[in-house]
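**Q** Line order of the protein sequences matches chains A and B.
Letter by letter, the first sequence follows residues 0 to 269 of numbering that gives the first Met the number 0.
Letter by letter, the second sequence follows residues 0 to 233 of numbering that gives the first Met the number 0.
In short, the hints are calculated from the structure, not lab data.
Careful: at least some of the hints might be erroneous.
To be verified - Which chain B residues stay away from chain A? Per the calculated CB distances, all over 12 Å, these:
no., residue
1, VAL11
2, PHE200
3, ALA212
4, LEU225
What the hints assert, rightly or not - The list that follows gives simulated cross-link-like pairs (lysine to aspartate or glutamate, DMTMM-like), each with its CA atoms no further than 20 Å apart:
no., chain 1, residue 1, chain 2, residue 2
5, A, LYS247, A, ASP38
6, A, LYS51, B, GLU194
7, A, LYS230, A, ASP209
8, A, LYS199, B, ASP23
9, A, LYS199, B, GLU2
10, A, LYS51, B, GLU2
11, A, LYS51, A, GLU232
12, A, LYS51, A, ASP21
13, A, LYS113, A, ASP209
14, A, LYS113, A, GLU87
15, A, LYS51, B, ASP23
16, A, LYS247, A, ASP80
We put the beta carbon where it would ideally sit given N, CA and C, even for glycine.
The residues making up each chain are set out below.
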Amino acid sequence: MRNLLAGIVALNMVLCPASASDTMRLAVTTSFHNSGLSDVLLPAIAEELAVKVHLLVVGTGQALRLGRNGDVDAVLVHARDAEERFVEAGYGVRRCEIMYNDFVILGPRSDPAKVASTDSAVGAFRAVAEAQERFVSRGDESGTHLRELAIWSQADLDPQDFGSWYSEVGASMGASLNTASGLDAYILADRASWLTFGNKGDLAMLYSGDSSLHNQYAYLRVNPALHPHVKAEPARRLENWLSGPGGKRLIDGYRLNDQPLFTPNASCTG
Amino acid sequence: MNEIFQGLLEAVGLILSFDRDLVDITLRSLQVSLTAVAIATAIGAPVGSWLAVTRFRGRRQTIAIVNALMGLPPVVVGLFVYVMLSRSGPLGVLGLLFTPTAMIIAQVIIATPLIISISHQGLRELWAQYHDLLISLNTTRWQRMRTLIWDGRRALLTAALAGFGRAVGEVGAIMIVGGNIDQATRVLTTAIALETSKGNFSLAIGLGLVLIALAIAVNMAIHNMLRTERASLW
């Protein structure tokens, strides 16, 4: 009994985190994390800025919520309207665009709704709705979900009216892709998550390249005036680095299967 | 099916290569769940024995509530602990969110009702046997509880191990309050959830097999350490 308790105490002491360099918490979206870019950026940040970044991988909606509560020091997300509201409400200091990639429309290889032959994202969504082929929606207020809803509304369609072919799964990008893969359904995903996804099954990329599928990532620092405890200094240094030449070089150089995944386009407003 | 076989290979490969990340998250799983169960047992065993020896108004209702709390959804516990520990919450100043401590707190809440209930059920039988003797010796309530806890330690061990089983396999609560941060709060279950969401099923199954092996190892180690199932003691 005594041995057991001593063992538990020892385990707690050994795993006690050593706090050497500055650490900060950054909430990022699943799409960014799935791309693998963070595995390249984090070591460089630790080396060049002496900042250890702890990543919380959540959807955009939850990331902004964590920022609003002051539970993270900064967020890296992709939903422009929500981000601008976040800054306007005073939760964030300012919005810095960092890089972009794009969303893609995936579906069963046989493509029963003939999405591949449409000439716009809106057209592709209309084709799925007309054929009433199964469509999996994130349904979690993530950046990808908000974009999907925007495209439906551009197509003058309202998911509220859809029948049982439209499945809102309320899950992360990966979990939704697993569902779509299992159901042979259509789904909107970001390119990075799709390329790194390991359970593609019968899914294939059917449509991409429309300007309405542009996927902009932005970095927002949590306002230290509102939450005095946030690590404002490392968060500011990280902003400078991500929008500066150091970040640009790594983002630009990142390749997955010889495909560039992100294009840096740093600019800060506010 | 193929994925299960590949998962098996993956698990063997991971263990043989002594992968540093794997060792790290396995030790953290152990740290969080063992600490949580130690605390939950320290709370649950006395409460369970108290419920066995004491008669009071509303006792049946109390027991019914404790039994119902055994099924507490981990996600709800996680959300509750998150709201309490969030910087905007009542305990935000402590800065405990997204630390192993927060994960321990959540697992204590999850495991305690289970440990209370199982230890109460075990000690109740014992109390039925000891009742007349302990009453006639004019023992105090404290002495009765102590006697029950000591003589019923096998039942308490079962309760603690059940609590460990629930804690170590739990993912909903610790995902929310721990955040699954690499090298800080990632444990086996959250790593499995992450790999599943990436579609890396064989690695996820491999980690799952490591988790099962860990649970078996802990159970055997504790039985050994406490020398149960030995003739000389029982």
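**Q** All the hints need checking, so say for each whether the structure fits it.
**A** Going down the list of hints, with the structure as the test:
Distance to chain A confirms VAL11 of chain B as a non-interface residue, since its nearest Cβ pair spans about 20 Å, more than 12 Å. Not every C-beta of chain A lies more than 12 Å from that of PHE200 of chain B, the closest at about 6 Å, which undercuts listing it as non-interface. The Cβ of ALA212 of chain B lies farther than 12 Å from every Cβ of chain A, with a closest approach of about 18 Å, so its non-interface assignment holds. Against chain A, the non-interface label of LEU225 of chain B is violated: not every CB pair exceeds 12 Å, the least being about 7 Å.
For the proposed pair LYS247 of chain A and ASP38 of chain A, the alpha carbon gap of about 15 Å is at most 20 Å, so the pair holds. A C-alpha spacing of about 23 Å is found between LYS51 of chain A and GLU194 of chain B, which places the hinted pair above 20 Å, so the restraint is violated. Restraint check for LYS230 of chain A and ASP209 of chain A: the C-alpha separation of about 39 Å exceeds 20 Å, so the hint is violated. Between the alpha carbons of LYS199 of chain A and ASP23 of chain B the distance comes to roughly 30 Å, so the proposed pair goes past 20 Å and is violated.
Taking the CA atoms of LYS199 of chain A and GLU2 of chain B, the gap is near 14 Å; set against the 20 Å cutoff, the hint holds. With a CA separation close to 36 Å, the supplied pair LYS51 of chain A and GLU2 of chain B exceeds the 20 Å bound. The straight-line distance between the Cα atoms of LYS51 of chain A and GLU232 of chain A is roughly 13 Å, inside the 20 Å bound, and the hint therefore holds. Using a Cα cut-off of 20 Å, the hinted pair LYS51 of chain A and ASP21 of chain A holds, with the two alpha carbons roughly 6 Å apart.
A distance of roughly 17 Å separates the Cα atoms of LYS113 of chain A and ASP209 of chain A; the hinted pair therefore holds under the 20 Å criterion. Restraint check for LYS113 of chain A and GLU87 of chain A: the C-alpha separation of about 42 Å exceeds 20 Å, so the hint is violated. At roughly 18 Å between alpha-carbon atoms, LYS51 of chain A and ASP23 of chain B fall within 20 Å of each other, so this suggested pair holds. The straight-line distance between the Cα atoms of LYS247 of chain A and ASP80 of chain A is roughly 24 Å, outside the 20 Å bound, and the hint therefore fails.
Against the hints set out earlier in the document, violations occur for numbers 2, 4, 6, 7, 8, 10, 14 and 16.
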